[in-house]
Every structure is written in structure tokens, then in C-alpha cells.
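The listed protein sequences derive, respectively, from chains V and D. Using the numbering used here, the letters of the first sequence correspond one by one to residues 1 to 1032. Using the numbering used here, the letters of the second sequence correspond one by one to residues 10001 to 10365.
No false leads were mixed into what you were given.
Cβ-Cβ distance ranges computed for the label pairs, FRET-style:
| id | chain 1 | residue 1 | chain 2 | residue 2 | range |
| --- | --- | --- | --- | --- | --- |
| 1 | V | P773 | D | P10285 | 21 to 29 Å |
| 2 | V | D754 | D | D10293 | 29 to 37 Å |
| 3 | V | D315 | D | D10102 | 49 to 57 Å |
I should point out that these hints are in silico values taken from the structure, not numbers from a laboratory. Even glycine gets a Cβ: it sits at the ideal position worked out from N, Cα and C.
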Amino acid sequence: MLSHIVAFSVRFRGVVVALAMLLLGYGVYALSNSSLDIFPEFAPKQVIIQTESQGLTAEQVEVLVTQPIENALGGLVGTEFIRSQSIPGLSVVTLTFYDSTDIYRNRQLVSERLLGLNDALPTGVAPPLMVPLASSSGTVMTIGLTSDNHDLMALRSLVDWTLSPRLLSVEGVADINVFGGEEKQLQIQIDSDKLIRYGLAIDDVIQAAKQATGIMASGYIENSNQRMMLKISGQPTTAEQLSKVVLKGTETGSLLLGDVAQITTAAAPAIGGAAIAGKPAVVLMVIGQYKANTLAVTLGLEQALAEFKDGFAVDGITLHDDLFRPANYIESSLQNIREHLLVGGGLVMLVLLLFLFNLRTALISITAIPLSLFAALIVLLEMDININIMVLGGLAIALGEVIDDAIIDTENIFRRLRENAALAQPKSTMTVVYDASMEVRSSVVYASFIVMLVFVPLLTLSGVAGRMFEPLGIAYILAIFASLGVALTVTPALCHILLTRWGSLSDKEPPLVRLLNPIYGRILKGVSRFPKLVFSGVALFCLAGLAILPLLGGSFLPELREGHYIIHTASVPGTSIAESLRIGGQIEKRVAEIEGVRSTSQWAGRAERGADTYGTHYSEYEIALDPGLGGQQQQAILDEIRAVLLAFPGINSEVNTFLTERIDETISGYTSPVVVNVYGKDLAALDHKAKQIAAVMRKIDGAADVQLRAPPGEPQIEIRLLLDELAYWGLKPVEVMATVHAGFEGAVVGQVLDDNRVFDVVVTLPKSQKQQPEDVLMLPIKTPSGVMLRLKDVAQIQQVSGRHMILHAGAQRLQTVTSNVTGRDLVSFFAELKQRVHDEVEFSADIYPEFTGAAVAQAQSKEDLIVHSSLAGIAVLLLLFMALKSVRNMSLVLINLPFSLVGGVIAVLFTSGVLSIGSLVGFITLFGITLRNSIMMVSHFQHLVVEEGLPWNAATAIRGAQERLPSILITALVTALAMLPIALNSDNPGREIMGPMASIIIGGLISSTILNLLVLPSIMLRYGRFEKKTEE
Amino acid sequence: MTLRRKVGFWSIVLIVAVAIIALMPAATKSSFSGIVKGWLGSYTTAVQNNHDDDDDDDDDVPIERLMVRIDGDISAYAGIETSVLAESSFFPESKAMAIVVDIRPLVTIKARYNQAVSALNVAKVAERSAAQELKRLNTLAKGVGSVATKKVDYARAVWREANAALQGLGFEVQAVQDDGQQSWGAEVTSWVFAKNSEQWKRLLSHQDSLLLVILPADVSLVADISFIRVTRDGTQQQARKAYFVSPAVSTGALTQGESYFFKIATGRLRARMRLDAWIPTTNTPITGVFVPDKAIIWNDGLPWVYIEKEEDLYQRRSVQQGLPATGGLFVEHGLAEGELLVIKGAQMLLSEEFRWQILDEDDDD
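The shape of chain V in the complex, shown without the other chains (with noise of 0.2 Å):
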């Protein structure tokens, strides 16, 4: 079929070049309309449904929220499990689904269960809210408000009604979650002590407020005429006319809302703070939209954001655009990848012209790099595949090899052209074409199936690494795929329009292959002749290079130059909002002094809908860098703020780029590499059981930062109901309850409108009698019988260290014990502790351990990988022996491997010293492309003694190693330079992931090209077998 595919480009090849030209006009055409991402959308398929449960504890957000919704969801197709964290005010309940699923259906299935729950849950809580779908990537843009003229509510309020609804209309944006500020309210202060006073309970207020500020329909007027609305006006809607509202008859007149309540607007309980450069702010983070182009999503915001920027300067607001800005590492990387691409294909273009001396051959090769990439984005982009930094990868270290195919093909044909013009009677051009294409064809084949093949298992990675490695595995398949088809189709068709015409050949080889061949042709004889010598120096290399292997770090993906650092601080559960920003204020102070952090901004609690769902004593903080800087000095300036950190009492600190960071937060689980969950339903009994559990984990040796994940830590007050007293005075607890929900959470009583603005009316106590636990026992309670009491009539108060968050797996309560492994494997640490956990600690029915952790998944995801690695190797092993037909000859080209990894090993050496998932990719690119080069030079000898008839011996040996000497040579330098501008500046935006990978595949190369020259030939005509068969 190939021979037809060759014979038809060659006779058709107008029709050929006019399709290829086609293409390359789709391609960019459909490049310059796609979208930009920075990463592959690397998040499993998750709803995560949250419900806002202001003033519950996290034990009665657990029961009286989470588990109906747990309960409700239960069981839903495609679900793969089920996790839920129950934490103050907040439940979150998370569905992971199979990633085959879709997502639509998912939510679809999602939101019709959770239609029927509202009845289901306690007053005061809010309904459950399915987070919006947001790109993996999440954050499009961080931007934030501050002003000198106006506070915190105003600018809020400002916030809330005007620029929220703004940018929420822009397309590709999800959510904005807004941090800090003060969401207004109007308040109806209650004096406790005025209440007392005049005999009046707490509920007696809420309901004079609530029959004040009631909003209902009024219907209308119809006669056989006309039809008109009613509409009531004059209903009080500010403090001022709230005061007069009638709260009871006396003898000496009305007593009034205002005589027993200052009425105010104030702030409603804060979730959440906000600051910018230490300055009390507020901070809008804007989501983005499921598969949305942060790139385009990033540009509609700036020009939303354009309209309001004048209006804000006169009225002094300023408006902090910059705080974060993901597109500006799109745009660089974008530009770096360019300026790659440009570099990359000159050097292409000056090793082919260096080493064919022809401008024409030269072009013709070249022709493939643009070809095969566009053939591959448009493959790619009809899949559905968004273009991003992987994707580019992908591209960018296909670029070298897509080229190969054509250099083998072109270099060739020309050499065949060159010989056939020196021929007394030279066949037709169409022919010698033809003939040289066939020629190399099986090889050019069966190498580039190989170089594909190997690629195979990274699609198959598991978990984030699998999502995020796909579409560069995809990419740089496609694209070596289509580099096939060129290098079958375009590149003989073009060889025949521009080869045979303009000129006649020249029957010389070029000067350089001149030049070189002699001189390699004496190195290989050299070698030839002490092969023992050679063999084992080959081998000592090889044995020293596999050694440092395992003396290098590894790391999930390399430090990311975005330009940009997010800091986590976390002090002990129950500090309070105001303690987290004078902290994040003196840790910002620091930051900012650093050179080269251009600003900082800080968040401490959460906003509604957040994806980041922590506690008051939790902040980060957004630091943005002045941009152009380089790796090292985003390294030096990262350096700083840790030492800064570290130095810092009273914190827990991490720091991270922002896409590290979401990848961290993506990886489900915990990444410890060994997690106990202890199942059970009593929390106390969980607890104990964890924390015998942890006693033993700390004595086994090489355990390190055992940690107990829930333990109990947070500072409650704690309402105990004293049920005679309250039998006494005929009082109900959940009276009680009830006056203690609205003194210090507040009962929202109705609404009142502010032109398009609608507050929360809100009975409350005041913040000044909100403030120690003194205040709790103050609280006015009416008996049925009139009597004024105060709470500790009734009740006790004791402050106790309650449960910042309960833990849910598959609807189970949950604790968990984590612990890192130092200094030992962590197979023998795993087979200890279930053996001492299981003699040392005693579990009943009801409570069980689960032993688990990142070992046992990366165990899983080895063995996964074990498997398709094997079955690729077996696949490459077949196509092997299908292209060289002989087992002995295959098994040593095999040898070719550990030459490439050793180079591959001393340039990661040499280079960051740490391995990464895409150093993984860098050596399966360079098994693929050293086993290319082994089959070009295994193929030769073999076509030298099959085809031509020569016998096996040293002589044949040179020969064809001399003669596939220039592609080897070219398509080895052209793969390394390439390369090469990536590797020299790896630590740069666009090029941390590829770098190493580039790295590896230079060292890799510049070993194996060595070895595959000078040791390979002696290699295969010692061991080596090449016999004519006489059928051929």
C-alpha cells in the first residue's frame, strides 16, 4: 500500500504540493482562531457542592448537613467516590466521577438530587450550591479594590452590585469569588439590657422588624377598563425610619424599635478578609469557565475592566488590576515558544545546509517541520483539544524529529539522483525517486511506528500526570505521524519538482560528508580493532551513568516560572480574621521589600463558592513579580520569601507557583506517602484509635511529621442547657437556641431596597457585646410567663477545644493519620506498620483501618505502568523484528538504549539534578529516537549485503556506516539544536517542563549518536548476522 501512497505522490505531484499548501493555510487559519490555555484541563471529573451553614459548629454542619446531602447523593452512576469535610459554617461535599464520564450529565444528575433536599435541612441554611464549573486552571485573573475616601462596605457594596455583575457578563467567566470587605446589612442592634428592662424577649423585636420590612405582592385593581397594580410605598427602609417602627403599647405611650435597638448598617459576619500591600481591600478572583480561554476570558475582563477604571480614579478609588495575571505566562511562554521555533528551525535549516550543500534539499526537508505541526494542531484542535503549554511540548519536541523522516527520504533520493546522474545511461527521474523512496521506506516505517509506540504508555499515566501528559503524548504522536506521511507523500513529490529541474545535479557528495567520512572511516577502523577494549569501556560508561540514576531528586514537574508566587500561611484553628491580617500585613511588609516583587495582596478565611474552603486562621497571598525576570531570579526571589517565612513565629507556611498549586489541590487524597483512615462513627473513639495508631507510626523507624489530620483544636464556647432550670421557667431550648442564633449570628427579619441594591434587614446584638464569652452569658431571655432572665439563668458556658473539620469517605466518618517515610523503602514501612498496628491497637466492629496513601496509588499507577510499558516494549520489539528480521540483529540494536540513557542521565546531571515526569518524557523520546537511528544503520548494513550483495564483513561495515553516516549525523544535530534553545534556557516561562526533556534528549543523543557511530558497526559485525536469502 505504501508503494502505491509513494508511486501516486510522485506521479500526482501538483496535486500532492497544492494539498500540502491546503493544509498549511487550514492550519493557520485554525491556529490563529483556537484557544490558549496554560494547561491541559488536568482536574478529575468532580461536583463539589457547597453549603453555607453560618454559626454552625462543624460537628452539627457534619449531621445536620453533610450527611443529608451525602445520603441524597449516594449511589449516583459514574460516581467514583464520594468525600465530604464539614468544617464551621460550611459543608462541602465532593463527588469525584470516572473520568470517562461526562461532566454535564454528571451535574445534571447532581443538581436533580439535590432539588428535593431543601426541606431536608435546618433552618438557616442556606441551600446546597453546586460550585460553578471551572477550569482546571481556576483563577483567570486577581484584581482588588482599595480606597482612602471610602470603607470597607462601600467598597463592597460597590463590588457586589456594579463590577461583580460587570465581569460576570464577560464570556469564559465562571464565578467571582470575592474576598474581604463588608458585605452591609441593616442591623437592628438589640441592647440586652434595654430588652430586660422593659420585659421584652429578643423574638419580640424580630417580629416587629419582620412586620416592618416585609416585601409582598399587593395584587391589583381591575375594572372593566383598565387593570392596575397596587403598590405599597413608605414602608421603612432606613435606620432612621426602622427606629420608629412600634415595638409595644405602654401606659405612657409606644415604646419603639429605636428605643431598644440602635439601628445601624453594618457588616454582616464576615467569612473572609482581604488586604493589598497590608491595606484593608477587597479582592475579586475570577474564575474561569470550563475549557475557556483564559487568554480571550483574560482580554474581555481588561476591557471590562477599561470602563470602570476612570470612574473609580475620580471618586478615589484605585482599582489593582495586576494582582494576578495567569495570561501574562501564557504570553510569555507563547513568545519563548516562538522565539524557539524560529531559532530551532534556523539551526534546522543551517545543519541541513551545512550538510547536503543544497539550498534545495535543504527546503525540501524543511518543509516537513510546518507541515507535520500544522497537520498535527489541526488533528488536534478537530479532537477538541485546546492549544496549551503541553500541546506546544509536545510540538516543540517533535519539532527535531519530524524532520528525520524527510532528511532520510530527501538525503536519499538526492544521493540516488546524484549517482543516477553519473550514470552513463541514468534511469528516469520518476523512477530513481521512486525507487530511493522505497528504498528507505521500511525503514522510515517501522522507526517512526517505534518512535510512536514508545510514546504509547505515557497516554495511559493515571491521575493528573495522566491528564496533563495526554495531550503532549497525543501532540507529538500526531505529529510524528504526519511527519510519515509527508516524508511518503510531499517530500518525494517535492523532491521530484525541485531535484530534477532548475539545473542539473552535482555528482559529488558535499563538502562536509566528504570531509567527514574519511576521518570517521578511520575512527571506526580504530575502534574495529580493539573491540574487547572498546566493549568494555562502552559498558563501565554505561554501568556509571545507570549508578548516578538513582542519586537524582525527583520532583512531580519542575519549578514553574510564572512569575508569580502563592503563599499559604495557616496559624492554629480560631484565629481570628483581624490576627490573620495583621500577620499577613507584617509578612507582606517583608515580601514586599524584596527586590523584584512588583505586588502583594492577601486573603485570610474564604469567599462564597471558593475553592478554597479553609477557616479564618488560613490565608494566601498573591505576589506578583516584576515581569521579565528570569529563572534564577524567580528562584532567588522564591529563596527569599521562604527565609522570610520561615523566619515568621506562629505560622505554617507553603509556597508555590500558582499552577503547581492548583496541581496540588487537584491531586485527590492526600499526598503523604502513607495515610491510615480509620473508619468508624463515633468521633472520640476515631479519635483515640488515630491517635494510638499515630504512637505506634512515630516508634517504626524512618516514620517522619506523623500527623493526626482532624484532631480537635478549635476554640468553641460551649452552651450547656441546664434542662431543670429551663423546666423551671417553662422554657424550651430551642427557644434558647433561638435567641442565641439571633443575638450573635444574627435572624435575618427581611429586605430593604436600595435602587437596585437589596440588603439584609438583620436582628442581632451589637459587635461590641459580641465580643468574650462574658457576653454570651448576658443574653436576654424571656420566660412564657414574662420573666427577664439572662442566659446563665439557664445555661453554662465552657470554653472547650472542638473539631475544626470531620472528615467524610464514601459518607463515612473519617480520621486519618499521615506520615512521610525518610530512610527507608516504603514497602517494608507500609508491611511494619500493618503488622504493629494490627498486634499494638485493638479495633472493634464499628471502627477499622485503612491502609493507603500516595505509596499505594503510586504503586497502582507503577504497576499500570509497568504493564503498558511492557506491552509497548513488546509491540516495539515485533516492529523491530519486523523491520530487521532477524532476533540476534534486533537484540542488539536494543544495546543502543542504555548508550541514550546514560547521555540522558549526565545532561539531567549536569543540568537541575532532579527528575520529573517530563524527564520521563525526555528519555521515552530518546529510546524512540535512538532505536530510529539503530534501525537506519542496522537497515543499511542489512540492505548492503541482502539488496546489494556484499559480504558481512569489516569493509561492508564501514561502508554502510559511512554512507548513513550524513542522516544520522543530521538528523541527530538537527533533533539536538532544535532543542537546543529550550535546554540552554530551561528556566524560563514556557520551557520548564520541556527543558529537561530537551536536556535529556541532547545528552541522550549526543551518547547514543557516539556510541551508535563508533561502537554499534564493531558491535553488529562481531555479533551481528546478514544473509542474502535467495527468494529476495
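Let chain V serve as the given structure and place chain D on it in line with the hints.
Frame of chain V; chain D shown alone:
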């Protein structure tokens, strides 16, 4: 041949093994590091044993319980602020309710009293006149016998009637006085019944107001107390002095506590206004130090403060025995004058002390 085949075979085994090892690292986080650690466990142990994984370089110095050591530079850097504890005197106070007394009943009593006294005076005149008439008639009857016995008897009857009326009106006056005293106590009624009472005039002209202070049921007024402090808006800082007058006779219907009259010199109070009163619970001040609310942190059910013991050493101390005072606690024991109280950053120090409790929340799912 056999040897060569073996070479081929072992080459395949070697290559496949190398390929598998190289490809083995899984996709998940730190897979390579796991392998690295697995392979060179003993090697890395040796390296790690030489490496202190705890970044706190103060580990070598043992720290007592409830102590936090923070480098002096870091304290300022972290924004910790202290203030020198100053000794002060403190009258512990309890809160009570005060009502501005409507003095109209007193005015009524005063009117009734005046009326009764007037009637008494009239009756006195009448009795004196009747007595004089009786005396005259008796003298005439005994001297000249020109007066009929009947007339003398009539005059005696008139005198007796006048005398009885006088006595009755005297009782009336006494009854008004008794009523006043029963309702208002002796002191207040003395202002009412006294002639030209300056205090009564001040009350009538609203220069002074009379306050009824009702103590909580379980609180008594300490002896020899001369003044208390009252306020309209409940804020202790705005309180004004009210001076003791007398115990009141009745108490509040609901609170059932002891009640007292106090007077306050302000023209702004209106009758029946309800006020907050702070009553000293001792008549001799206690000596100690004042701890503001912002210095207090709660832990394990108790209130605590941090004291800077040395330049870089902070000690957590309980202030459980502190007495509630405006904006904080007054602590008699446990804190000394001149010590440095942490007034900003106490929660951060607590966080540092319990740093082991802080989880890396990023690992939470």
C-alpha cells in the same frame, strides 16, 4: 554459536530490564523520589541523618512548658507589641439597674402633708379658742355665777370636739408622714416634710434626680458606700457619679434584689428613664494590674496572657482569677507591676506554642 545466542538473550533481558526500570516511575507525585529512596535507602539515611529537618535552630535550648522563645529581631518583625503593666487600684463593680424616680408621688405626699398640717393648724386654733372660751366660762361660772352651767357644758363639749379634731388631724399628719416614710424612707421624706429643704428644691427644679437602684438578686450593697456610677447608654466609660441617699423601701417586681435611692446632679434625666448602674462590690480598692481584652487569649477553657519574660522569651500565664473590668480584666495575683504584657500578637504566640497542631491544609481533601 551458543554463546552468541546467550549474549543476544541476555542483551534482551538487560535492555528490557533497563527500559522497565526507567519507565517504571509512575505518574503520581514524587514517584521518582520514591524510587530513589527505595534504591538507595541506606545511602540517603546516612545523608539525612546529618541533616536537621527541623528549621528551628533553637532546638538545643530546652524551653519550659507554657513558654515560647522567639528571636528578638523576629518579635519586632512579627509585629509583637508589649506594654508595661502598671499597678492600679480597682473597685470591683457589679452591674445593676437604675430608674429615674418620678417624684410626683412625693409632690402629692407633700401636698397631702401640707394640707394635713394646715388643717391641723386650723384645728389647733379652733381648739385653743374653744379652750379659752371654756376657761372664760368656767372662770365666770365660778366667780360670779352669772353663767349657766348649760353654757359651760356646751363650751366644754366644743373644746372637746376641737381637741378631738386636733388629735385627729395630728394623726392625719402623722399618717401622711408615715405613708411617705413607708413609701420613700426616712431620708427622702425628710426632704419632703422639711421646711425650705434645699434638696427638695433641687429635685423639684430638676437640678437633681432621684434614682432607684435595684441590685441583682444575689448582690448586696457594701457598707459605707457613698457613690455609684450610672450611665444612660450602657457604656461604663461614660458613667457619672450618683450619691447614696438611703435604702429604698420597695424593690423591682422582677429582679427582687435590694433597692436603694441615689441622687444624681444632672438636669438631663427624665422621670422613668432606665439607666445602668455600676455598684462597687467592695468599699476598699484592691491593688493589681489591668489587662486589656486585646491581650487575652482563651485556651483549654481558661483566659491567658503572654508576658515577655526575657528579651526573646514569652510566658503564658492564666488570668482566670481576674475580675471583670471595663474593657478587660483586673488581675490581683499572678501578674506584677513592671512586667511586659503582650498586647499585640498574643494569638500568634499561642499559634507558635501550638505549632504542631497546625496542619498543612493543602493536603486536605
